[in-house]
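K.L.:
Sequence:
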Amino acid sequence: MQKLLEFLISKRHWFVFVFFEILSFTLIYRNNAYQRNVMLNSANAVSGYLLSVSSSVLSYLNLHNENRMLAEQNKHLELEILHLKLQSEALKGELLLHDLVMTDSVNLFYDYITAEVVNKNTARLLNYITINKGFKDGIRPEMGVISTSGVVGKVIVVQDHFSVVIPLLNPKWKLSCKLQNSNYDGLLVWDGRNIQYSNLEELPTHTQFEKGDTVVTSGFSAVFPPGIIVGTVIEANHSGTTGLYSLQIKLSTDFKQLTTVMVVKNFFQNEQWQVEQEARKND
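Numbering (my numbering), first residue to last: 4 to 286.
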């Protein structure tokens, strides 16, 4: 207490100065309309700026929740798109309509699990992506992974809370794809050169296509539904040795900007694999 009193006494001239300054501003504010308006406008400007900064900070802090909500909305939209595609194929005779078991907006063959990218490589020959969902979230190996733009890759390693995805940007993985307009299918293989492009190999010479044609998943595996966009045709190369076409494809997924993905859950994946393995036993 003694030290506090000594401090106040030693700084008394500053307290007196501050007191008279406050008194002076109070008298000016009360007795002069012009100065009063100037002070009010200045105070409003400062408070408005502080509120703007505060609003920006709060908006930034809420981005995670907004992104999560958008990801959930995208998930439902993707399911609705898949629903419509399967109905269209059924009407065209590619599938039997009674084989499709659907609800209002969710096809019972597939569901999606949204996840965030927590680590990724794009500058290497063998690239991988880590997501923040794992075994406890329903993720299993061999599940397909997509984004709102198109195919990303497939899950290869799963732990309780994280999973590793092998993306299209890895030559170890080949994806069965087809030309949307002609249904000619081939294998998509990355050559390790450019993260924006890949090659659709093993297309027969009588394949009909044009630059700009859409390439989609063929659906010839239990990993992806048919019709998920992969990219567009840029140019073609003819192989004289094999007599097959190789198409350069511009990938629809921007791996540099990839932050949110959806893991494809095929409810009949295991059943399909089991029946296919059973059939191979007779080979």
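Note that these hints are calculated values from the structure, not bench results. Hints may contain errors.
Stated by the list, open to error - Label-pair distances were calculated between CB atoms; the ranges are:
#	residue 1	residue 2	range
1	E213	D257	19 to 25 Å
2	Q277	N124	32 to 38 Å
3	N240	T125	23 to 29 Å
4	V121	L190	38 to 44 Å
5	E274	V121	39 to 45 Å
6	A126	V160	30 to 36 Å
7	N184	K284	36 to 42 Å
8	R283	I237	19 to 25 Å
9	K139	E213	42 to 48 Å
10	W276	N197	31 to 37 Å
Remember, it's a predicted structure, so these values are computed and weren't measured experimentally. For each residue, glycine too, the CB sits at the ideal point set by N, CA and C.
K.L.:
Output the numbers, in ascending order, of every earlier hint that fails for this structure.
P.N.:
4, 5, 6 and 8
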